[in-house]
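Note that the sequence shown ends on residue 227 in my numbering; no numbers are left out.
Fair warning: there could be bad hints in the mix.
Claimed, not checked - Heads up, simulated PhoX-like pairs for lysine-lysine below, C-alpha to C-alpha not over 20 Å straight-line:
#1 136 - 148
#2 195 - 215
#3 195 - 177
#4 117 - 107
#5 106 - 83
Since the hints were made in silico from the structure, they are not lab data.
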Amino acid sequence: MHNGWASYWNYPDIQHAVCCAHLLRELTGIDGNHPEQKWASAFIDLLLEMKKVKDKAVEKGKDFLSYYHYHKFDKKYDELIEQARKENPLPETTEKKRGRKKKGKILALVERLANYKVSVCLFIHNFNVPFDNNQAERDLRMIKVKTKVSGCFRTEEGARDYLKIMSYVGTAHKQGYNAYEAIKNAITGHPDFIFE
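Between the sequences and the hints, there should be enough to build the whole structure, so can you do that?
And the structure:
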């Protein structure tokens, strides 16, 4: 799962999923700065409805959506892309200019949503795929803070040790254990208690 950065698509042998939280941020920016772009708020509503319907299905113990919902979401997605393309046509090109046509951020997002529809909607087709990768980003945030404060890790071994400790504390937290208790148990020779 990623934010749709162009270079990520160069890995053809993996299944891609787009982080919908990143899309929501982009769409919210368009909706706030360009209120005439009506499709953006409708697309936000569509993504949130898809998430809500999936969450309800998961609560009921299902691992797929009904044909009705797949069809409804697919149709609405295509309608919104069509509306967005009508509101944002490709700019006219002059014969003197070479290279790709400049699209701008809005049209670039529309094209990304159109071209990578399968990856955007993967979370409703495969319930093992989350709506966003916020948890993964939260897990990495402490490393980024550490490097901002300290500048860098002095040795590769120190970086590995830091990652082991943070991974252990993160796992303990996700399992509902207190970080202090987890570290105390690890120091006293009982690090496996969080995996029981």
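Checked hints:
{"no.": "1", "hint": "136 - 148", "verdict": "holds (18 Å)"}
{"no.": "2", "hint": "195 - 215", "verdict": "holds (15 Å)"}
{"no.": "3", "hint": "195 - 177", "verdict": "holds (14 Å)"}
{"no.": "4", "hint": "117 - 107", "verdict": "holds (15 Å)"}
{"no.": "5", "hint": "106 - 83", "verdict": "holds (18 Å)"}
Comparing the model with each earlier hint shows no violations; every hint is respected.
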